[in-house]
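Top line first, the protein sequences correspond to chains A and B. Under UniProt numbering, the residues of the first sequence are numbered 1 to 405, in order. Under UniProt numbering, the residues of the second sequence are numbered 1 to 405, in order.
Where hints are given, some of them may not hold.
Note that identical chains are pooled: a pair holds if it fits in a single copy or bridges any two copies.
Unchecked claim - Within a straight-line C-alpha distance of at most 27 Å, the following computed BS3-like cross-link-like pairs (lysine-lysine) qualify: (1) 265 / 140; (2) 305 / 88; (3) 351 / 124; (4) 140 / 196; (5) 352 / 88; (6) 124 / 335; (7) 352 / 308; (8) 265 / 38; (9) 140 / 29.
These are computed hints drawn from the structure, not numbers from a lab.
There are 2 protein chains.
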Amino acid sequence: MMEKEAEEKGQDQEQEQEQVVNPWQVSAKSGGKIDYDKLIDQFGCQRLDQSLIDRVERLTSRPPHVFLRRGVFFAHRDFNDILDAYEKGDKFYLYTGRGPSSEALHLGHLIPFMFTKYLQDAFKVPLVIQLTDDEKCMWKNMSVEESHRLAWENAKDIIACGFDVTRTFIFSDFDYMGGNFYKNIVKVAKCVTYNKVVGIFGFTGEDHIGKVFFPPVQAVPSFPSTFPHLFTGRDHLRCLIPCAIDQDPYFRMTRDVAPRIGYLKPALIESSFFPALQGENGKMSASDPNSAIYVTDSAKAIKNKINKYAFSGGQDSIEKHRELGANLEVDIPVKYLSFFLDDDAELEHIKKEYGAGRMLTGEVKQRLIDVLTELVERHRRARAAVTDEMVAAFMAVRPLPNMFN
Amino acid sequence: MMEKEAEEKGQDQEQEQEQVVNPWQVSAKSGGKIDYDKLIDQFGCQRLDQSLIDRVERLTSRPPHVFLRRGVFFAHRDFNDILDAYEKGDKFYLYTGRGPSSEALHLGHLIPFMFTKYLQDAFKVPLVIQLTDDEKCMWKNMSVEESHRLAWENAKDIIACGFDVTRTFIFSDFDYMGGNFYKNIVKVAKCVTYNKVVGIFGFTGEDHIGKVFFPPVQAVPSFPSTFPHLFTGRDHLRCLIPCAIDQDPYFRMTRDVAPRIGYLKPALIESSFFPALQGENGKMSASDPNSAIYVTDSAKAIKNKINKYAFSGGQDSIEKHRELGANLEVDIPVKYLSFFLDDDAELEHIKKEYGAGRMLTGEVKQRLIDVLTELVERHRRARAAVTDEMVAAFMAVRPLPNMFN
Numbered sequence: 001m002m003e004k005e006a007e008e009k010g011q012d013q014e015q016e017q018e019q020v021v022n023p024w025q026v027s028a029k030s031g032g033k034i035d036y037d038k039l040i041d042q043f044g045c046q047r048l049d050q051s052l053i054d055r056v057e058r059l060t061s062r063p064p065h066v067f068l069r070r071g072v073f074f075a076h077r078d079f080n081d082i083l084d085a086y087e088k089g090d091k092f093y094l095y096t097g098r099g100p101s102s103e104a105l106h107l108g109h110l111i112p113f114m115f116t117k118y119l120q121d122a123f124k125v126p127l128v129i130q131l132t133d134d135e136k137c138m139w140k141n142m143s144v145e146e147s148h149r150l151a152w153e154n155a156k157d158i159i160a161c162g163f164d165v166t167r168t169f170i171f172s173d174f175d176y177m178g179g180n181f182y183k184n185i186v187k188v189a190k191c192v193t194y195n196k197v198v199g200i201f202g203f204t205g206e207d208h209i210g211k212v213f214f215p216p217v218q219a220v221p222s223f224p225s226t227f228p229h230l231f232t233g234r235d236h237l238r239c240l241i242p243c244a245i246d247q248d249p250y251f252r253m254t255r256d257v258a259p260r261i262g263y264l265k266p267a268l269i270e271s272s273f274f275p276a277l278q279g280e281n282g283k284m285s286a287s288d289p290n291s292a293i294y295v296t297d298s299a300k301a302i303k304n305k306i307n308k309y310a311f312s313g314g315q316d317s318i319e320k321h322r323e324l325g326a327n328l329e330v331d332i333p334v335k336y337l338s339f340f341l342d343d344d345a346e347l348e349h350i351k352k353e354y355g356a357g358r359m360l361t362g363e364v365k366q367r368l369i370d371v372l373t374e375l376v377e378r379h380r381r382a383r384a385a386v387t388d389e390m391v392a393a394f395m396a397v398r399p400l401p402n403m404f405n
Numbered sequence: 001m002m003e004k005e006a007e008e009k010g011q012d013q014e015q016e017q018e019q020v021v022n023p024w025q026v027s028a029k030s031g032g033k034i035d036y037d038k039l040i041d042q043f044g045c046q047r048l049d050q051s052l053i054d055r056v057e058r059l060t061s062r063p064p065h066v067f068l069r070r071g072v073f074f075a076h077r078d079f080n081d082i083l084d085a086y087e088k089g090d091k092f093y094l095y096t097g098r099g100p101s102s103e104a105l106h107l108g109h110l111i112p113f114m115f116t117k118y119l120q121d122a123f124k125v126p127l128v129i130q131l132t133d134d135e136k137c138m139w140k141n142m143s144v145e146e147s148h149r150l151a152w153e154n155a156k157d158i159i160a161c162g163f164d165v166t167r168t169f170i171f172s173d174f175d176y177m178g179g180n181f182y183k184n185i186v187k188v189a190k191c192v193t194y195n196k197v198v199g200i201f202g203f204t205g206e207d208h209i210g211k212v213f214f215p216p217v218q219a220v221p222s223f224p225s226t227f228p229h230l231f232t233g234r235d236h237l238r239c240l241i242p243c244a245i246d247q248d249p250y251f252r253m254t255r256d257v258a259p260r261i262g263y264l265k266p267a268l269i270e271s272s273f274f275p276a277l278q279g280e281n282g283k284m285s286a287s288d289p290n291s292a293i294y295v296t297d298s299a300k301a302i303k304n305k306i307n308k309y310a311f312s313g314g315q316d317s318i319e320k321h322r323e324l325g326a327n328l329e330v331d332i333p334v335k336y337l338s339f340f341l342d343d344d345a346e347l348e349h350i351k352k353e354y355g356a357g358r359m360l361t362g363e364v365k366q367r368l369i370d371v372l373t374e375l376v377e378r379h380r381r382a383r384a385a386v387t388d389e390m391v392a393a394f395m396a397v398r399p400l401p402n403m404f405n
């Protein structure tokens with residue numbers, strides 16, 4: 001779940017002129033940028049404004065994450081309620097996930113996990129991570145066994161983001177299905193008609209019934225009773241879901257159903273999409289390896305991809321560039337730096353100098369190459385240290401006695 | 001599953017003039033009898049002919065069950081293949097089930113279980129019994145908890161039919177969901193489009209998605225890999241499903257999908273419906289307690305129901321009856337005796353004498369009262385002896401090392 005490829009189009013959905021954002025398709029209007037203001041309107045979520053970010057800073061006594069400061073996470077649903085409750089001493093739990101569709105993750109896949117790790121550390125709360133191996137095997141031409149194997153492999157990349165095993169439960173749908181998880185799925189499924197999922201997700205009659213049924217599977221980790229080994233007796237524990245905004249349809253459905261089955265609505269904090277190297281008209285595509293930086297890319301590959309493919313807002317000639325400066329609105333190196341360069345002052349400096357034409361594309365790209373090479377190298381080292389025993393430990397169905405401390 | 005109430009109509013399906021038989025509705029054409037020949041044609045199954053019954057007798061070295069001799073089980077799919085394989089020394093396993101929709105079972109509910117017990121004893125094969133508590137909670141206005149509780153209670157009635165705990169695994173969907181069961185469900189669901197289930201089951205857009213997804217849940221116990229604790233290494237073990245013919249749509253779907261996922265098609269042996277006391281135009285109705293004999297009815301209640309409600313083919317006056325004799329085609333006491341009076345000679349005698357007017361309705365009813373009172377009393381005693389520990393033993397996920405001996 002949570003992070004899908006732009007090329008995965010909803011079956012039989014025509015490529016429309018209007019922007020389309022759902023869990024299987026992200027495409028901007030006529031090749032332009034995604035209009036996030038319109039998305040907020042259309043989905044009915046709220047903009048994450050500065051006052052909320054200030055509140056997070058105050059409540060956690062640490063600087064807000066770069067993804068908050070830079071507006072990567074830009075929308076929410078009831079995040080203010082989570083903070084209200086937290087302020088009164090009520091904890092919550094985090095829920096995020098991933099559809100294990102590929103062996104290697106790209107930088108876009110890491111974003112929700114990097115942010116979720118920050119939230120876990122800052123608020124000191126438990127976290128559940130769903131690996132929707134059932135979904136991926138149903139949507140892709142992939143066997144149950146292969147999908148299940150990828151879930152395990154992807155768990156290593158997730159663990160490498162630094163999650164705390166004393167507060168984190170990672171589960172594969174195939175492994176964890178049953179018990180309260182299934183009971184909650186049935187409770188939700190009873191409340192959602194076929195017409196409703198067609199309206200939300202755009203399924204057609206030729207879609208298989210596994211797809212039709214999947215939305216409740218992604219819905220119910222929003223409810224603490226899905227995890228009796230963690231949350232027995234805490235039926236009113238709130239849930240906060242950090243995710244990319246293309247997952248919003250699942251949780252609109254979830255929030256619609258929750259009060260009808262006596263459960264609290266989950267809150268959401270939602271990110272924009274991480275753009276492809278070629279430009280900001282969607283997300284990165286798993287089918288084109290040159291559209292993304294993978295966490296398995298070598299330093300040489302990173303350098304080559306950025307130099308060769310990263311869309312530049314710089315001018316065609318040095319003379320023109322010195323005169324007009326770079327168009328920062330479309331420049332991918334600057335965009336990528338705004339995700340991954342933590343130093344606000346340095347980023348401002350680059351934007352100012354580059355925008356004024358005093359800094360050249362090659363220099364900005366070099367800075368990005370340095371930043372990403374270090375990030376990827378750090379991830380690779382962390383992942384190499386993740387053993388099968390560690391994965392098993394994160395995925396064990398077990399109580400987490402100190403998860404709120 | 002397996003035994004449904006006639007009054008449970010498919011949503012939004014119009015009451016048609018034509019006969020309708022599906023898992024939720026059984027109604028004859030314009031109030032007449034179900035046309036079973038037509039059903040065989042329509043469903044594409046085969047008639048269970050005398051040569052097959054003779055073969056069963058020869059292979060099992062015991063008289064065929066009364067339900068075989070009398071044509072209660074009258075249709076099949078590939079039952080001959082099961083017998084071919086058995087003759088060569090290959091065993092099979094049995095799969096039947098029940099949707100736990102009510103506290104007390106009626107006689108119609110017992111029929112598949114009485115017959116399945118005979119098959120288990122005669123062929124010495126393992127048996128899995130699915131309690132579709134998930135289905136019932138989704139179709140009825142019933143909570144997950146209540147449906148799950150009814151599954152446990154109904155298991156006691158099923159065990160009271162005399163199943164062998166060393167060859168029998170009973171499971172509730174809520175309890176057993178997960179593992180290979182869920183993996184097989186996903187494999188099947190991938191192969192069935194929404195349009196397909198609409199065609200088979202008549203779902204509409206206003207049906208909830210739990211219903212749309214349920215057919216694979218009932219399908220996959222047909223596959224030995226759904227039960228790794230029983231059948232690991234026996235992927236080519238055949239499955240025989242004794243059930244009422246209204247369940248055929250589930251297994252048409254199952255048989256259609258099986259080869260596409262590398263599994264064997266299950267074989268079926270299918271029964272007609274046990275008629276209501278009021279006459280043979282459908283099945284008994286749970287909503288009218290006077291339409292059926294329950295296994296919880298007292299001797300007095302049985303006597304009263306039969307005398308008061310059992311539709312008689314006898315004539316209006318004794319004089320007319322002596323002259324014309326009873327119409328055996330519509331007579332419910334004779335019909336019920338043909339299900340439950342094991343003595344062929346006595347049944348023939350009753351039919352001859354009653355049909356000729358020499359025996360009166362009251363006498364036939366009295367014989368039926370005796371037979372059913374004994375049957376129900378025996379069931380009540382057997383059920384009273386079933387403890388929660390016995391239910392737990394049947395439902396334990398365990399190997400059955402002697403299940404084929």
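- Item | Which numbered hints fail | 2, 3, 5 and 6
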